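Engineer: So the chains spell out like this:
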Amino acid sequence: MFYRVAQSILLLVGALLAGSAVAANTGDVKTGKLVYERYCLSCHGAQGNGQGEAAEYMSIKPRDYRQGTYKWRSTPSGSLPLDSDLEHTLLNGLYGTYMPTWRALDERSRRDVIAYIKTFSPRFGTEKPQDPIIIPPDPGYSVASVARGDAVYKKYNCAQCHGAGGQGDGPSAHELKDDWGNGLVPYDLTKGHVKCGDKSTDIYRVFMSGLAGTPMPTFADSLSPVDAWDLVHFIQSLSPLYAKNMASGETGGAR
Amino acid sequence: MTRHGSLRVVAQVAIFAIVMFAFISPASAIPAFARKYSLRCTACHESWPVLNDFGRNFRDNGYQLRLGRDDTVTADPGYWPVAIHVAPSYVYKKVTNQATDQGNKDLGSGGVADAGMDLLTAGVLTPNISFLVVPTGFASNGNVHLESYWAYFSRLIKNSDWFNVRVGQFEIDLPASSHRNLELTDSFLLYAYHPSVPGGTNLAGYDMGANQRGVEIVGHDANSLTRYTATIFTAHDSLGSANGFDSPSFYGHLQKYFRFNDGPVSQAEVGLWGALANYPTQYLTNGGVPIAGSGSHLQSSTRYGMEANIWFGPLAAPLHLDLVYGHGSDKKDLFQGTADRSGSFNGGFLEAIWVPRADLMHWSVFGRYDLIRNQTQPLSTAPSNFNDQNQWTVGAVYTIAYSIRDEVALHAEISSDKAKGVGYGGLDQRTDSIMFGVDFVY
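Here the protein sequences come in this chain order: A and B.
For what it's worth, our numbering labels the leading residue of the first sequence as 1, then goes sequentially.
For what it's worth, our numbering labels the leading residue of the second sequence as 1001, then goes sequentially.
Simulated from the structure, these hints should not be mistaken for lab results.
Computed from a prediction, not measured in an experiment: that's the story for all the values here.
Keep in mind that the hints are not guaranteed to be accurate.
[Said to hold, decoys possible] Result set (DSSO-like, lysine-lysine): computed pairs, CA atoms no more than 27 Å apart in a straight line:
id: 1; chain 1: A; residue 1: 199; chain 2: A; residue 2: 154
id: 2; chain 1: A; residue 1: 199; chain 2: B; residue 2: 1158
id: 3; chain 1: A; residue 1: 191; chain 2: B; residue 2: 1158
id: 4; chain 1: B; residue 1: 1418; chain 2: B; residue 2: 1093
id: 5; chain 1: B; residue 1: 1332; chain 2: B; residue 2: 1420
id: 6; chain 1: A; residue 1: 199; chain 2: A; residue 2: 61
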């Protein structure tokens, strides 16, 4: 009897607090608003316009969600991101920026806040994300691949923004602006971490999808998968952290 | 006016004050971590100062977000790792059956409390070495002391989160922090309670809630959902024993969190904890005065128990229940010859924190019920329920402003404590208090 009463009370309290029922894998917008207000609002703003109270003090501005353009996506250039792409950013943060990893949040909170963030852009109501970019298997890091990647880096004039040494100090570095007119500094690839993720596939994906809202374009139409992997390995060779972790004899391309 | 009548009037005033304060406009200032990371207090605190999951993980990681902006070189040059916390408040307190030269009296007194100030300085010195120093005091008596001071070394072995070390004076990893609780007018009975002999003293001053000097090993998974701490420390308020680590004491805590992706319960936690504090019972003396650090014949004061937490509703606006049980015992010799056996007790508390989703984070409603039941009185002739205690506290916090720069809140609470047989002539003693004030950090 006592057990049944206690169970009923727990269920009743829980139902009152949980509000509307949430189906698995579908975020609840109302609850997502609570999550957003607790964690995100100070930077991204109540309107999702990237103009929260902290934004004016940041050199790298928070994303304006209203256009539905996201830097980190698995989808092609111009496409909306998948929910899993947004969760990837929540889980990993963006190194070197004020966007921390929200890995400590529970899955339900992440799911809900993604549902809420999507309400800032009408695109999510009218468009569907395109299929993810297909990433072929990594052929493996090698000195030869790094050397080829160096040539790809030069061929595509990456140094114009990122600099000859990858330190983000190319001739155009100080002229870059994002779609909102905010000044940008190209990423310093020698810092040891890559902003959108350190995995090989994360770097490959950036070449193919571009970074929406920034001057970093997609090279999907011009860069072959082979060249792209060589470029990935060259970028990795610039990172002292990555090069240090490679097996001896495989780091000859590191500068 | 009767006791109940006067309390009713004060309660009405408090409710009126809460309603009035709810219309005060926001203010702003500069707290340390919020300014450093551009996050509101709400990112780390379920309801300030109670940590949420993100805050607990941030603390376990040595106050690092690990995104290349943590240490003094890479952080924003404008960052200065200092925050100030003050809580001016009105407190009315009434104690019954107080022994006085004029006989048995009920004493009631109120006024704006002589508030002190916490200077909270914390940050990251260099990647994976962080610190916290908290000078506190500054009240009218002029006293200032370091409540906390520690250095924390993260990821000492193979870049693993499972081995971090804290050195200094710090709060041990309690089931519920007594420095981060919402209640301001009471204390956790379980943490500070010791069995006692009527009119006698107990050498063991061990208050689990007090900060201890020692070394703590902390380990946790990436999200701090499984975590442990193991601490060796010098027992609180001991004069010190003649050991390499004087008054050697130990504490351990193991926690496991469980998350539920659907349903009314969003998270649950279970934990085990235990403490063994050793106090010297004999000292060398000089002029009859015990010499610090010369103690011997260590006797133990043990505490152990378990905890369970459950969160209903979304973790962003939960109803959080925290149930803690503990058993304690103090060796006979700690009672300085006035006891004829060791003393033991059972105790615990149930705490509830509710953050209503209708007005996220502006309101927090909280309550706690503490219980102490003596199991074995150290003096066999003492009444079996001597100093059994019941305490309850309920209150509410209305946060006027929370930003990346400050937090200011209005706070009201009522508390009542009843202890068996400790008042005048062995009568029960009841302590009632009511408090409302402003609590701000910037």
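Engineer: Hints first: check each against the structure and report whether it holds.
Structural biologist: Each hint tested on the structure:
1. A:199 <-> A:154: Given pair residue 199 (chain A), residue 154 (chain A) holds - Cα atoms ~23 Å apart, limit 27 Å.
2. A:199 <-> B:1158: It holds: about 20 Å lies between the C-alpha atoms, which stays within 27 Å.
3. A:191 <-> B:1158: OK: residue 191 (chain A) and residue 1158 (chain B) at ~21 Å, within 27 Å.
4. B:1418 <-> B:1093: holds (13 Å)
5. B:1332 <-> B:1420: holds (21 Å)
6. A:199 <-> A:61: holds (24 Å)
In summary, the structure agrees with every hint in the numbered list given earlier.
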